[in-house]
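Take the sequences, apply the hints, and build the full model.
There are 2 protein chains.
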Amino acid sequence: MSTRMRPLRDTIPIAEARQIIHTHLTGIDRVERVDLSTAHDRVLAQDIVSAVDVPPFSRAAMDGYAVRAEDTFGASRAEPAILHCIEQVFTGQTPVHALHSRQCAEIATGAPLPAGADAVVMVEESDSNGSDVRIFMPVYPKQNVGRQGADIQSGQTVLRSGELLTPSKVGVLAALGTTALSVFARPRVAILSTGNEIVAPGEPLGAGQIYDINRFTIAALVEQHGGTPRSYRTVADTIDDLSRAVDECLENDVLIFSGGSSVGERDLILDVLAARGEVFFHGIAVKPGKPMAFGQIGGRLFFGMPGYPTSCLTNTYALFVPALRRLARLPAWTPRTVTVPLASRIVSATGRHQFFTVRIEKDIAVPAFKTSGDITSMSRADGYIEIPAHTDIVEAGEMVEVKLF
Amino acid sequence: MSTRMRPLRDTIPIAEARQIIHTHLTGIDRVERVDLSTAHDRVLAQDIVSAVDVPPFSRAAMDGYAVRAEDTFGASRAEPAILHCIEQVFTGQTPVHALHSRQCAEIATGAPLPAGADAVVMVEESDSNGSDVRIFMPVYPKQNVGRQGADIQSGQTVLRSGELLTPSKVGVLAALGTTALSVFARPRVAILSTGNEIVAPGEPLGAGQIYDINRFTIAALVEQHGGTPRSYRTVADTIDDLSRAVDECLENDVLIFSGGSSVGERDLILDVLAARGEVFFHGIAVKPGKPMAFGQIGGRLFFGMPGYPTSCLTNTYALFVPALRRLARLPAWTPRTVTVPLASRIVSATGRHQFFTVRIEKDIAVPAFKTSGDITSMSRADGYIEIPAHTDIVEAGEMVEVKLF
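Top to bottom, those sequences are chains A and B. This note's numbering puts the first sequence at residues 1 to 405. This note's numbering puts the second sequence at residues 1 to 405.
Check the hints yourself; a few may be wrong.
To be verified - Using C-beta positions, here's what the derived DEER-type ranges look like:
1. E361(B) to T23(A): 26 to 36 Å
2. L404(B) to T23(A): 42 to 52 Å
3. T23(A) to V338(B): 26 to 36 Å
4. L205(A) to K142(B): 22 to 32 Å
5. T23(A) to K142(B): 35 to 45 Å
Unchecked claim - In silico PhoX-like pairs for lysine-lysine, Cα to Cα no more than 25 Å straight-line:
6. K287(B) to K142(A)
7. K403(B) to K370(B)
8. K403(A) to K370(A)
9. K370(A) to K290(B)
10. K142(B) to K142(A)
11. K287(A) to K370(A)
12. K403(A) to K403(B)
13. K142(A) to K362(B)
14. K362(B) to K403(B)
15. K290(B) to K287(A)
Claimed, not checked - Not close to chain A: a few residues of chain B, all C-beta gaps over 10 Å, as computed:
16. E87
17. R326
18. H390
19. E401
The set of hints was computed from the structure by calculation and includes no laboratory data. We put the CB at the ideal spot given by N, CA and C, even for glycine.
If you want it as structure tokens, here you go:
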């Protein structure tokens, strides 16, 4: 064997790789202020204590008549209670008069209850000839009333730091009159492609060169999972240029490189990282995607992804996305799955956890994998199945769980 | 009954409402150019025909030695084939020499194959003393070679108009050297809150007034599902102001109002819409969320949502989001679900399809619904169950499918 080539013989199981990554991750601490209108899908970085009651006043929950409940006791269609209507209260208005015995006020949903009123009779259970209103059914006190503070009470902690701001939680913030709030910053992810053969789309392609794919697929996943992708220039395979590129990337929260952890003589990125930082693992027992590295440099975690587009992307889905979400303090992400029969037998490499892309055709999983160098192995697939390291054959017709892209 | 109040007696089943909405929807036709770096999650508006082969040249799929396969036939550890190494080809370089009989070239993964070579021997199956290389195993022609055009061939249609640009499809575009492309525009969604009682967060809250919630919850969902939310001022309950507001909103693709389709005298928005457009339905047999309207005005579809925050949000999830995705040409969206036992009996209104929010606690669904006026009915819930119109009781312990937020 050439002394200049270094095959990747030692690999660790994917579960161990996940565990090592997990051990080194902590959620981001940097916070920023955002407007309420851009707060959704962000992670709250402060407790929210309400300074107000919601609703701020007791209000009608139905269109109808605000009454003193006791005036309706015993009412029926045969013997309605007859009340005197003293005013109309529309939503957004305030009642002028307090209700006294045998009085009522016509009231719209959401309008404040007059003083003295303690219930609302639905309009459907009444009849009116102008000033006199006939009530056909008794109401009990508080019936059809949204009481002041029933939703949220002043002084109550309504949301806590670390909660993901779903649409309904954004609604809670609006209900309190919030206009700006503190959220955890999105992790900044430096994305860097290495390799003399890599050219950015739009530039001319020389002999032996190919367009950069991984920078774009990784950036798309980073945006989908709560990070801010920051693309860096393609880096030549020289120690000097790689070292400079690492320095440029250190202003970010995490570094993800592709192409730098294979076994050729010219894959120098790991040397740079090992010299200036620490490599936690290099090589995992997955197929495709064996040449993956994870470590730290200058206090930043780095992920070294395989150069081949399909391996890079499956490892990004399987290992980087969960890490990024943890860094971003987002809840764990479970891909949607379907369980369908496999169209044709798959022979898998024993000893390596295998990702195998499939298309779903007529509720059957049809293998879509060509080679790990082919982006169409993924772009023509609907998802992938995982074949554990100890399984070597999955027969046609066996039910498989497809994780959907 | 007061002549000024109009109870909502006629409702249609939710399935019929879905059908009516579906009938009126077509995917957006407006297209725009975007950079590749912002293309993910957009819907392609052109066919993509490759002008290049991917890979653009035949290349090594492994680190090792480029060979003429026939020179290795019969090789074994006991009787290796001995080849003369004439050069090294690194990734990004081009080979200088053509291979002749009994010659090989050291080659890195991704580097172009020399002329004359038709296979690559893995480095693990070889040994070298400098210029002579011993090959321990035969390779067949094309083995360990990524052939020119094997992934994508020039002239091939690789993506079609209407496809969602997932990360791997973005990767395909990058592989072709694409820098900009046509996608369908995001539907512009005019969001408008109506009601004299509604005040924007940040403004002082007068007597009888509450903060606008729905504008923010709807906007969050619009952004999550491929639309561009455009918030409009809160509109007073006057025919004139409502009519002006509708005019302002018509520059958008779809209009969604909240608060305007209940039954009080002052809910005038439907009158405006009916006078100037067409109401397709008003009132659906769901609980909460009965007062919902759907129609068109000035060639734009409009959705009139209930004013109450929880009803507004469940109807937005259940009816508006699917419509928006269809308008945006996005694939149908299936919420994630868990199936767990119900903590306590729910008595449901027969004749109305019911949405019932629940929290998941220790794998049990605990009812979280307070009233449709309470935003915390949703913000403290993890999802909701649906109880069909013909079911009146769901017993404690029954398994229920929870659709997660």
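Hint by hint, here is what the structure shows:
no., hint, in the structure
1, E361(B) to T23(A): 26 to 36 Å, "holds (29 Å)"
2, L404(B) to T23(A): 42 to 52 Å, "violated (29 Å)"
3, T23(A) to V338(B): 26 to 36 Å, "holds (29 Å)"
4, L205(A) to K142(B): 22 to 32 Å, "holds (23 Å)"
5, T23(A) to K142(B): 35 to 45 Å, "holds (43 Å)"
6, K287(B) to K142(A), "holds (21 Å)"
7, K403(B) to K370(B), "holds (18 Å)"
8, K403(A) to K370(A), "holds (18 Å)"
9, K370(A) to K290(B), "violated (52 Å)"
10, K142(B) to K142(A), "violated (82 Å)"
11, K287(A) to K370(A), "holds (13 Å)"
12, K403(A) to K403(B), "holds (19 Å)"
13, K142(A) to K362(B), "violated (34 Å)"
14, K362(B) to K403(B), "holds (17 Å)"
15, K290(B) to K287(A), "violated (53 Å)"
16, E87, "holds (13 Å)"
17, R326, "holds (19 Å)"
18, H390, "holds (23 Å)"
19, E401, "holds (15 Å)"
Going through the hint list in order, the structure does not satisfy hints 2, 9, 10, 13 and 15.
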